[in-house]
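Engineer: With chain F held as given, fit chains C, A, P and W with the ligands onto it using these hints.
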Amino acid sequence: MTKAGNAILSLDRVSKTFGRAPYMVKAAQSVSFDLHAGRTLALVGESGSGKTTCARLVMQEYTPSEGRLLFKGKPVEARDAKALAAYRRSVQMIFQDPFSSLNPAHTIAYHLRRPLQLHRRDLKRSQINDAVDELLQRVRLDPGIVASKRPHELSGGQRQRVNIARTLAVGAEVIVADEPTSMLDVSVRLGVLNLLNEMKRDMKLALLYITHDIATARYVAEDIIVMYAGQIVEWGNVNKVIDNPQHPYTRLLLSAVPDPDVRFDDPKAHLKTADVEEVRRLSAIPQESVVAIESDHFVRQIAA
Amino acid sequence: MTKPLLSIKNLTIDYIGETADFRAVDDVSFDVAHGEVFGLAGESGCGKSTIAFAISRLHKPPALIRNGQILLEGRDVLGLDPRELRSFRWREVAMVFQSAMNSLNPVLRVEAQFYDVLRTHQGMNRSQARERTAEMLRLVDIPPDRMRDYPHQFSGGMRQRIVIAICLALNPKIVVMDEPTTALDVVVQREILQRINELRKTFGFSVLFITHDLGLMVQFCDRIGIMLAGKLVEQNSAGNIYTKPQHDYTRKLWASFPSLHGARLMEVAAS
Amino acid sequence: QTILTANIEPATTWVRNFNPFSQTSARQSTLDFIYEPLVVFNRFDNNKPNFRLAESFKLADDLKSIEFKLRPDLKWSDGKPLTSADVKFTYDYLKKFPALDFVSIWKFIDGVEAVDAQTVRFTLVNPSSLAADQLVQVPIVPEHIWKDVPDPVTFANETPVGSGPLTEIPRFTGQTYDQCRNPNYWDAAELKIDCLRFPQLADNNQLLTATADGTLDWGVSFIPDVENTYVAKDKEHYHYWYTPSSMVAFLFNLETANEANRKAFNDIKFRQAVSMSLDRKAMVDVAGYGYPTLNEDPSGMGELYKSWSDPSVIEAFGKFGKHDAEAAKELLDEAGYVDKDGDGFRDNPDGSKISFSVIVPNAWTDWIDTVQIAIEGMQEAGLDAKIATPEEAVWTGNLINGTFDMAINSLPAAASPYYPYQRAFNETDKGKTRFTAQRWFNADLAKLLVDFTRTPDPAARKDVMNKAQRIVAENLPLMPVYNNPNWYQYNTKRFTGWSTPDSPFVNPSISRTNPARLLHLLALKPVN
Amino acid sequence: MGPLVRSLIRNRKAVVGLIIIALIVLIALAAPLLTEYNPASRVGRPHQPPSADHWLGTTRIGQDVFSRLIHGARTSLAVGFGAGLLITVLGTALGIIAGYRGGKTDEVISFFTNMVLVVPNLPLLLVLAAFIGQASPLVIAIILGFTSWAWGARVTRAETLSVKHKDFIKSAEMMGEPRWRIMTFEIFPNLISIVGINFIGSVIFAIITEATLEFLGLGDPKTVSWGMMLYNAQKASALSVGAWWDILTPCFALAILGIGLSLLNFAVDEIANPRLRTGNRLSRWTALIRSGEGRL
Amino acid sequence: MVFLLRRLGFYLAAFIAAATINFFLPRLMPGDPIEIMFSSAGAELSIENLAALKLTFGFVDGPLWQQYLTYLQSIFTGDLGRSIKYFPLPVTSVLGHALIWTVGLMGTATIVSFTLGTFLGILAAWRRGSIFDVVVSVGAIFATSVPAVVTSLIVLFFFGFTLGWFPTGYAADPALDPSFSLTYIGSLLYHGILPMLTLCTVLTGGFAVTMRNNMINLLGEDYIVMARAKGLSDSRVMLWYAARNALLPTVSSLAIAIGTVLGGSLVTEVVYNYPGLGNILYQAILARDYPVIQGQLLIMTVAMLVANFIVDVSYVLLDPRLRGA
Ligand SMILES: Nc1ncnc2c1ncn2[C@@H]1O[C@H](COP(=O)(O)OP(=O)(O)OP(=O)(O)O)[C@@H](O)[C@H]1O
Ligand SMILES: Nc1ncnc2c1ncn2[C@@H]1O[C@H](COP(=O)(O)OP(=O)(O)OP(=O)(O)O)[C@@H](O)[C@H]1O
Ligand SMILES: [Mg+2]
Ligand SMILES: [Mg+2]
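Protein sequence lines correspond, in order, to chains F, C, A, P and W. Residue numbering for the first sequence follows the numbering used here, starting at 7 and increasing by one per position. Residue numbering for the second sequence follows the numbering used here, starting at 2 and increasing by one per position. Residue numbering for the third sequence follows the numbering used here, starting at -5 and increasing by one per position. Residue numbering for the fourth sequence follows the numbering used here, starting at 883 and increasing by one per position. Residue numbering for the fifth sequence follows the numbering used here, starting at 41 and increasing by one per position.
Keep in mind the hints are simulated off the structure, nothing from the lab. Be aware that one or more of the hints could be misleading.
[Unchecked claim] Quick look at which bits of chain W chain P covers, simulated, 3 or more residues with Cβ under 8 Å: (1) 55 to 65; (2) 179 to 186; (3) 190 to 198; (4) 227 to 233; (5) 251 to 259; (6) 340 to 348.
[Stated by the list, open to error] Distance ranges between label pairs, derived from CB positions: (7) A:Ile(-3) <-> W:Ser221: 17 to 27 Å; (8) W:Ile151 <-> A:Ile(-3): 36 to 46 Å; (9) A:Ser349 <-> P:Glu918: 20 to 30 Å; (10) P:Ile1138 <-> A:Ile(-3): 45 to 55 Å; (11) W:Phe116 <-> P:Trp937: 34 to 44 Å; (12) F:Glu83 <-> W:Ile56: 51 to 61 Å.
Quantities reported herein were computed from a predicted structural model and do not represent experimental measurements. Where a beta carbon is used, it is the ideal one built from N, C-alpha and C, also for glycine.
Pulled out of the complex, with its shape left as it was, chain F reads as follows (with noise of 0.2 Å):
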C-alpha cells in the first residue's frame, strides 16, 4: 500500500481465519498497511469487518494464518524471546473500556509505577516518583490530586489519560487505539482525541486508530483504511477516501453517519434495503485487482 520504507510496522498480505471448514470465519484477508512514525492511521468499518482483528494481529496476540508482520522492516519471529519482548514493550493498545482497563485494586501511581520499574531499570526509587508525576502532568492531569487515587474515584475521560500516560511509561513507538472514546461522554471525547494528536505529534509515535466513527477519523488521522467482510475495500488519504469515496460500501457507509443536516423524512437521504443487501454481498465477493484513484487514493475493484 503506501510504500513501506521507513514504517516502523506492517502487516504483509495478513489473513486470518478463525475454526474449520464449514464454519470458518475470514476475519482478515490479506490485509496490509504500514504505520509510520508520527502519523496515524485509521481503520473504519462496521461491527465484525475485522478491525479488532487487526489490531489484535499488531498486539501478536494473534499469529497470522498467512502474511507476515515486519517491525522496523523486519519480520517478528515468535522464536526470538529477546525480539519479541522488544516488540511487545514497542506496541501498546489503550482499549475500548476505560472502565475495565485499569485494576481497580491499585492505585494510579501503581498502574504507572509498574512499567517504569520493568522496563527503566536505570531510574532509582526516588525518581520513579518523579517521573510518575511527570507522566501525569504530561497527559493533563495533577498529578497531586490523581496520583494515589483509585481508578473507581475518576471519571471515564481521565482513566483514558491514565491509560495513555501508561503506553507512554513502557516507552511504546506504536499505540494501537481500539475504540478509545466511544464509551466516554460527549463532551470529554475531543480532550482524549486532542491528546492522542499531541503525543503523535510530539513522541512521534506511529497510532492506529480504531473507530466506526469516520467523523472523527477525520478528525485524527492522515490516513484510512476502509474494511469490509475482513477486506480493506478503499484507503488512502483521508481527505481524498472521505470526500470522493470509491468503493459502493464507503459511500453507503459515509450516507449512513448521522448528519444533521439531512432530515429522514428527506427522501434524498432513504437508504433502500434491497441497495444496501446488494452493496453488502457484492462486497463481501473477495477480489484482487486494486485501482489506484490518486497517488495516495485506492480501492478494491468490486464484482461486477
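Structural biologist: Same frame as chain F, but now just chains C, A, P and W with the ligands:
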C-alpha cells in the same frame, strides 16, 4: 396547540441512598404531541432513562417519584392501580430499552415473547398470535418462519428489530426508545431508524427518543429536550437546537462533534 | 401362640443367615435354639451336665477318648432321624472345611467314629479331663442337608433344619424376625414358648426405648443408668441382674522395646505399686455405671470363680489388688523409683526415664474412661502415664505383636479359671493372640495347667488351681480391675420362671456365648 | 482492604456475626481464666445437672461441661480456621492458575477439581479418617484441607476467567509483567471477596465436618472438642437418660458459631455483590413511601 | 450434543479414577477385617482357621496390580464382592436394600427442599426487603449454618424424646410386613418424618439462598424489565421470566448439593438409625467391611455422576443457547 398525548409535569425522581438521596430527575416538564418524535439528549447519567422508566412506572426501589405528574391523554399514570397499570403498559406505552440486544428472554422462543403480549392484552390464542407475529415480523423485514428461533440465533440488529416489532404489536400510542441503536453500527442504525420512521407514519404513534448522539437526534426528531444533571435545560424544535442552540451546554455539546464534512465546529472545539 | 420378645445382638438390619458355623454373621439365635448341643454344662450349678441330644457321655480312664450316647428317636425338624452319623458327619465336615471350625476342635481331637447308631466316639490328641466341655461347643448339623451344600462357608442356611426347640422361621424382615417351635422337638413337653421374636435394635437409644416401653421380655443390652431409665418405669415387672463375666485387667508388656520402661515393668514391686494406684471402685462406678463386678483379686479369681479362690492367697497378696494411693507411693519410694531429673515424674533407680502410654481401642468409651481413671491414679502416684487410643484393629495388632507399653485387656469368662489361665499364660500362643499380650510365662504354672486337665478328681483339681493362683498372684502379670457385666434384663409381665438373684439356677444371659440359655428358655412360662 | 472493612462495619449482619465470633474467640482464648476445672479430668459426680458448682452440669464421667465447652471452642476454632485457610489457599491458588494459565494446565486442574467434586466428600472423609485412625484435630484439619478445595478452585477459576478477560490484565501482559505477578498482584486483589466467601464458607464447613467426624467416632478420644463432646454424650445416651445439658451444650455452641460465621458470609456476599444488599436503603425507601413522600 | 458427549467422557474418566482411589483406600487402612470381626464378636479363631477364612473372603495376597485388574473387571461386571459384616450377602444386595431407603429418604427430602427452597427464594427475591424476605434470609442462614448432626440431635431430642410425638428409630413399624397397604405406607411416613424434617431443614435454606441470589441478580436484567413493561402479570414475570432463568445456576448448584445431601443423609441416618446407605457405610467403617466400603463409595460416586449428568442434560434442555453447541 392541540392537547398533548403525553405530558410530564414537574417530575422529580430520587434514588434513595443509605444516608443521602440522589436526585436523578429534577423538576422536569415536557409534552409530546400525537405523532410527534420527541428527543431527549444529554450526557450519560443525566437522568434520561430514569424518565423513560417512570413513564411506564417501571421503577423499583430505591427509585422514588417525589413529585410531579405523568399524564397520558389526560389520564394520570401515577394514579393507576396495579390492574389498570398492567393493561396500560405496552398497550399505550411500549418501550425499546437501552440494551435492546439483551431485552429478549434468552430461553424463550421469539414467538413466545410475542404470544405473551398478545395473550395478556388481547386474549389471543396461539394460532391467532402466530398470525399476528408473522405480520409484525414482516413489518421489520424478518422472515416470519424464524419466529420459532431463539434470540441468540439472531444478529444484534435483527434482535433490535424484533423488539421493535413486539413494541408495535399492540398499536401503542407512544413508543419510548432508550438509546435503541447504541450498540449497532451506523448502517444498521440507519436502517432501523428509517424503518421506525416509516412505521410511525403508517401507524401514527408518537416516539420519545433518547440518545446522546445529537446529530442523529436532529435527523430524526421533531422536537428535542436537552438534559443536564437531572434538569431539562433546553427544549426546542430540532432545527432550532441545531442552528440556534440557546443554552451554553447545548452549544458545548455541539462543539464536541467533529463533523464529517468540513470543519464547521472545529474552531469552537479548539477554542 | 406365646411369643417372647428378646434381644441378643444389635443390628442395623437383619440378614437372614442361620449358618451355625458362621460366627460373626449368623443370627445369634442359631446355636442352641436351632442346633441343640449334645450336653449343656450349667456353670451356675457347679458345671453340672444337663443332657440334651446326648443322654450320657463317658470319658475313658486314660482320658484319651470319650463316647457320647445320643437319645433314642431323635428327629431333625424336617422329620428325618438324627443319628450318630450326623454327628460324625459334622466333625468330619469341620476337618474338611477348616474355615468352619470356629472352636479349633481338630486341634483337640484326632478322630471321630460312629460306634453304633446312637454312639459316637472321639479320640483326643492329648489326655484331657475337659473333653466334654470342648466337644459340646460344636453344633451338630444334618448330613442330608449339608452334604449337598457347595460352599458351606458362604452358605446362609436361610431355612434351617435343626434339632433345637425353635427351628422354624415363619417371618423374616430386615426389622424383625420370629423363630418358632420345632414340630419334631424331642423335649417339646418342656417348651412353653412358641416363638422368640427378635426386633432389630441398632444402638443404645433404640434399645433403651424398646426396653423401657416393655417391648422386650429378655434382653442383653447395656442400659445407661438402668435404675432410672428402666426399672423405675415399672418396678414390679422390670428387673435386671448383672453377673460377672469376662475379666478386665491392665497389663504391662514385659518385653517392650523401651529399655527403661522394660526395666521397671519387670520389677514386681513396680507392678504391685501400679496395681495399688488403680482406683477400681471409681472404674466400676464411673466408667461402668456400677454394672461391672469389682475384681480386687491379684490372681484374677474374683466373684466369677469364687468357688475356686484360695483365701490364703488373698490374705497374702490381696492388698496388691486394692486401691491404696499412699501404699503405692511408699512402695515406689522404697523400691527406688523417685524423681531424679525433677520433671515431676518418677524415674528408674538408675535414673533412666519411665514414660509410657496405655493403649485402649478408640471407640470403646467405657474402657477409655476406665483407662482415664487408671491414669489419674498412676499420675497421682508420680508416674508418667498417658492414654493412647488406636483403632481397635491396631490395638489388637499391638497386643498380638507386643508393640506397646501398657494396655487394658479382657479375658473371656469360662467354666473354670483354667481357661483364662490357659489363654493368657500359654507360651506357644505368644504372638498369636491378644491374650498373651503381657508376655509373662512361668514353667511351674504351665505344668500345673497341664496337670489340671489330667486330673479328673475335683478335690485334686482344686488343689492344682490353688497352686496356680498363688503363682499368678505372686507375680501379678495382670492387674484385674473388674469383671464385665453379663447383661441381663427381664420383664416379668408376660413370662415367669426367670433365673434371678434369688433363684440363680442358670446363667441368665441370652447371649450366644452362654449355651445355658437353652435351659433358661425351657424354664420360662407365660404368666397365664 | 480499607473499603472492605468499612463496608463490613456498616453491614448489620456482619456486625452481629463479628460480635458472635469475637465473643467465642475471646472465651476460647480466656478459657483457662474462666474456669478452674481441667476439661479432661473428673471433677464431680457423673451427670449432675447444671448448678452453681458446675454451670453446665457434668458429663457422664463427671467432667465439667462448661470447662469442656470453652476449652473445646479452641479446638473447633483452630480446626475451622486452620482447615479453612488451607482450603482457601489451595483452592485460590489452583483456581487462579487454572483460570489464568488456561490450556493444558487448566485442563488438568479442572479435571482434578471436577473429580474431587463428584466424589462425595463426607463419605470419603469418613474413610480417610478411619484410615488414618484416631484422627486428631490437626489431622482432621489437614485431610479437610486436601479434600475440600475443589469448590473454591472452581469458583475462583470462573471468577479468574472473567477477570482475565478484563483489559487491565491484557495491559499488564503487554507491559511485560511476569505471570506470577499478574496472578498475585493483578488478579488476586480482584478476587478478595470471592476468596473471603470461600474462606468463611470453608471455615464453617471445616467446623461442621470436624464435629461430624468426631461425632461418628472417628476422632481422637483424648481431644477436648465440641465434636467429642457430642460423641461422648451420644455414647452415654445423654438424650435417653435426660442429661440434656451434656448433649445440648455442644449442639448450641456449634449452632451459634455456625450462625455467626454464616452471617459474616452473607455479609461478605452482599458486599461483593451490591445487588444483594437490602439494608438501610430499603428501610428508608419504605419509610418514605409509607409517609407519602413519594411513590413508584 | 458435543457438550453432552464431552461430559460423558469426563464422567467415565472420573468413574475410573474414583474406582481407583476406591481400590487403594481400604487397602491402606490398618487392621485386618477378619481379625476385627472376631475380636469384636468375642470369638477366637486359630491361626489356621483364620487363614482358611481369609481365603474364602477373597483376601488374596497377590501382587497389587493383579488385584487391581481383577477389581476393575469385577466392577464392570457389577460384582462388588461379599460383605464381611453381613456375610454371606453380596455387597450389591446389602447396598441394594439400603439404597431403597436412602433414595426414598434423600430423594424425597431433596425434592421437597429443592421445591420449597426454590419457591421461598423466588418469593423472597421478588419481595426484596420485605418482612418475608428478611424471615427467609435469616431463616436460611440459621438452617444452613447449623450442622446436620446438631439439627438431627435437637430435632430428635424435642420431637422424639421430650415430646414423644415421633418414633426415634426404624424406617417403619417393625411389627408390619412391607407391603403396599395403607398402614405400612402410613408407618413409613410416620417414621420418615423426623429424618426428613432434619434433612429438609438442612437443605432448604441453601436452595433458598442460591435461588434468591440468582433471582436478584436476574431481576436487573433488561428482559425482566421488558417483561414488566409488557404489562405481564407479576406472577408471570416472576415465574416465566425470572425464576425460569434463575433456575439454571440453581440446578447446577443442585448437582453439587447432592454431595451435601449425601453427607447430611449419612449423619441423619446414623442419628435416626435409618437403615440406609449412610448407616451401612458407617457400620461398615466400624467393622472394616472393605467390600461394603468400596461398593458404597462407588455407588455414591456413581450417584453423584448420574446427578451431574442429569443436571447437564437439564441444563441443555433449559438453556437453548447450549443446544446448538
Ligand atoms: N476468537 C475468534 N474466534 C472466532 N471468530 C472470531 C474471533 N474473533 C473474531 N472473530 C470473528 O471475526 C470477525 C471479525 O471480528 P472483529 O472483532 O475483528 O470485528 P470488528 O470489526 O472489530 O467488530 P466491532 O466493531 O464489533 O469491534 C467477526 O465475524 C467475528 O465473529
Ligand atoms: N438504582 C439506582 N440507585 C442509585 N442511583 C441510580 C440508580 N439507577 C440510576 N442511578 C443514578 O441516577 C442517575 C441517572 O441515571 P439514568 O440511568 O437515568 O441516566 P441516563 O441519562 O439514562 O444515562 P445513560 O446515558 O448512561 O443511560 C445516574 O447518575 C445514576 O448513577
Ligand atoms: Mg440510560
Ligand atoms: Mg523425672
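Engineer: Please go over all the hints and tell whether each is borne out by the structure.
Structural biologist: Structure-based check of all given hints:
no. : hint                                : verdict
1   : 55 to 65                            : holds (count 4)
2   : 179 to 186                          : holds (count 5)
3   : 190 to 198                          : holds (count 5)
4   : 227 to 233                          : violated (count 0)
5   : 251 to 259                          : holds (count 3)
6   : 340 to 348                          : holds (count 6)
7   : A:Ile(-3) <-> W:Ser221: 17 to 27 Å  : 22 Å, holds
8   : W:Ile151 <-> A:Ile(-3): 36 to 46 Å  : 40 Å, holds
9   : A:Ser349 <-> P:Glu918: 20 to 30 Å   : 27 Å, holds
10  : P:Ile1138 <-> A:Ile(-3): 45 to 55 Å : 49 Å, holds
11  : W:Phe116 <-> P:Trp937: 34 to 44 Å   : 59 Å, violated
12  : F:Glu83 <-> W:Ile56: 51 to 61 Å     : 43 Å, violated
In summary, the structure is inconsistent with hints 4, 11, 12 from the numbered list given earlier, while agreeing with the others.
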